[in-house]
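2 protein chains.
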Amino acid sequence: MTDVSGLSIAILGGTGDQGKGLARRFALAGHRVLIGSRSARRAQDAADSIGAGAAGGENAAVATEADVVIVAVPYEGHRALLESLRAELAGKIVIDCVNPLGFDKQGAYALPVAEGSAAQQAAEVLPDSTVVAAFHHVSAVLLMDPAVHKVDLDVLVLGDDREAVGIVQALAEVIPGVRGVYGGRLRNAHQIEAFTANLISINRRYKAHAGLRITDI
Amino acid sequence: MTDVSGLSIAILGGTGDQGKGLARRFALAGHRVLIGSRSARRAQDAADSIGAGAAGGENAAVATEADVVIVAVPYEGHRALLESLRAELAGKIVIDCVNPLGFDKQGAYALPVAEGSAAQQAAEVLPDSTVVAAFHHVSAVLLMDPAVHKVDLDVLVLGDDREAVGIVQALAEVIPGVRGVYGGRLRNAHQIEAFTANLISINRRYKAHAGLRITDI
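Chains as they are written, first to last, in my numbering: chain R, 1 to 217; chain F, 1001 to 1217.
These are computed hints drawn from the structure, not numbers from a lab. Here the structure is a predicted model, which is why all the values come from computation and not from measurement. Backbone N, C-alpha and C define an ideal beta-carbon position, used for all residues, glycine too. Among these hints, one or two may not hold up.
In silico negatives: residues of chain F with every beta carbon more than 10 Å from chain R [to be verified]: (1) Leu1028; (2) Glu1065; (3) Gly1107; (4) Glu1124; (5) Gly1183; (6) Arg1205; (7) His1209.
Simulated crosslink set (DSBU-like; lysine-lysine; CA at most 35 Å straight-line) [said to hold, decoys possible]: (8) F:Lys1105 / R:Lys207; (9) F:Lys1207 / R:Lys92; (10) R:Lys105 / F:Lys1092; (11) F:Lys1105 / R:Lys150; (12) R:Lys150 / F:Lys1092.
For the chain F half of the interface with chain R, some residues (derived, Cβ under 10 Å), not all of them [as the list claims (entries may be wrong)]: (13) Val1004; (14) Leu1007; (15) Ser1039; (16) Ala1090; (17) Gly1091; (18) Tyr1182; (19) Ala1194.
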C-alpha cells in the first residue's frame, strides 16, 4: 500500500456534513487537515469543532497549501468553485466526492450531468489536475460519531491514473474499518455518485446508515 | 418474509449465462422453472443442461405459463421482445435484470437508455405488468458452479409496488447466501444496472467474481 502518512489534505466545502466527517477522520489519523470554505471564519469554526489539529481557511488558500484536495461542496456550486480554483489545483490530486442528487417527496434521485458525472465535470474543468472520484457513500453521521471506531464500508475509488488511484485508496484506508477499492475508470463514476440515492432509500426503509462492501476481493 | 415457494418462474433469455445461472438456482430450490428462448429447441437444450427439472419453451409460451417472469435477454433485443409479449405478461410480476452495457478496449461502460434504465423501459412497454428490477449483479459463473453452495451477495430489488418488491426479495433469498434488499424506486434503477460496469472493472483488477453487500442492515 502506498505511504500517504505525510500528505496534507484540504477539504473544499469542509463545513458541510460530509466534508467535516472526512476532515475529522483524517485529522484523527494524524494528517494535517485544512478545511476550506468561502468564509475563512466559518472554516475556522468548523475546524475548531472537529479539533484534532484541523485548521481552516478560504478555499483558495487551503487549495494552494495542501498536497491533496477533496471536493465536498454541494453540486450546485461545483463547477463554479472548480473554475475559480483552476490555478490553485493544477498539478494536484483532486478527489471529487460530490453526489449530484435531487430530492422530492419520493426521496432522492440522480440529477443529469452534461459531462456524465460530477467527477467528469471536474476533470473537464481542471485539465491540469488529476481527478479521482471517491468517498461518495461515507455516512457523515458515522464519521462524526465518537462511538464509531470502525466504519464498515468499502470506499470505491475511480480514476484513470493508476498511481493517483492508489494514493486515494491508501487515504481511504486511514479511516479505521474502511477498504479503498478500485472501482473503475472515471467514465463509470456517474453510477457511483447516483447510487447514493439508493443508499438514501435503503436508509429510510431500514432505518440504517447503509454503506457497501464488495465481495470476493 | 413472503412465501414464494409455490411460484413458477419463466426466464426469458434463459439460454444466456445470467438466465441459465438463475434458472439453475431456482430449480435447485424446488421452483418450477421454464427457460424461454426464441427457439424452443435451444430452450429445451438449456433446460436439459441445467437439470433439476427445468423445462424449456418459446418465450411466449413460458411467459404465458409462469407466475413470475424474469427478463434476462441482451439489451439489444429488450424492447422488441417485451413489445411482442405485452399480452402474455399482463397482470404478472416482470423482473428485469438487464444491464445496458457497451464494451470497448477500456472495458465496460453504461449505455444511455432513453427511458432512464432498462427497467423503466420495461415499465413503459408493459403498462399492465408490475415491473421490478433485480438480479443485476449475480455472477453467472458462481450461480453455475456446483462447488459454490452459498453466493456471497445482496440482490438489490427496486420497484414502486411494495408487495411485488417483497415477493422478489423473497425469491432472491431462495438462493443460498443471498439477501434480497430493497434498493429504491424504479427511477433509481439506472445506476444499479450501470454499476455492473464497475463490477466488471473490479473483476478484472482483482481477478474476482465481485458482488456487493449492504452494510448496517
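Comparing the hints with the structure gives:
1. Leu1028: The claim stands: Leu1028 (chain F) keeps its Cβ more than 10 Å from every Cβ of chain R (closest is about 21 Å).
2. Glu1065: Given a closest Cβ separation of 33 Å, the condition holds.
3. Gly1107: violated (7 Å)
4. Glu1124: holds (17 Å)
5. Gly1183: violated (5 Å)
6. Arg1205: violated (5 Å)
7. His1209: violated (5 Å)
8. F:Lys1105 / R:Lys207: Distance ~42 Å between Lys1105 (chain F) and Lys207 (chain R) Cα, so the pair is violated.
9. F:Lys1207 / R:Lys92: Cα-Cα ~30 Å, so holds.
10. R:Lys105 / F:Lys1092: The given pair, whose Cα atoms are some 28 Å apart, holds under the 35 Å limit.
11. F:Lys1105 / R:Lys150: Violated - the C-alpha atoms of Lys150 (chain R) and Lys1105 (chain F) are around 38 Å apart, more than 35 Å.
12. R:Lys150 / F:Lys1092: violated (44 Å)
13. Val1004: Interface hint status for Val1004 (chain F): violated (20 Å vs cutoff 10 Å).
14. Leu1007: violated (23 Å)
15. Ser1039: violated (34 Å)
16. Ala1090: violated (26 Å)
17. Gly1091: Hint violated; Gly1091 (chain F) Cβ to chain R Cβ min 25 Å, cut 10 Å.
18. Tyr1182: Status holds, d = 5 Å.
19. Ala1194: Cβ of Ala1194 (chain F) sits 4 Å from chain R, so the hint holds.
Of the numbered hints given earlier, the model fails hints 3, 5, 6, 7, 8, 11, 12, 13, 14, 15, 16 and 17; all others are met.
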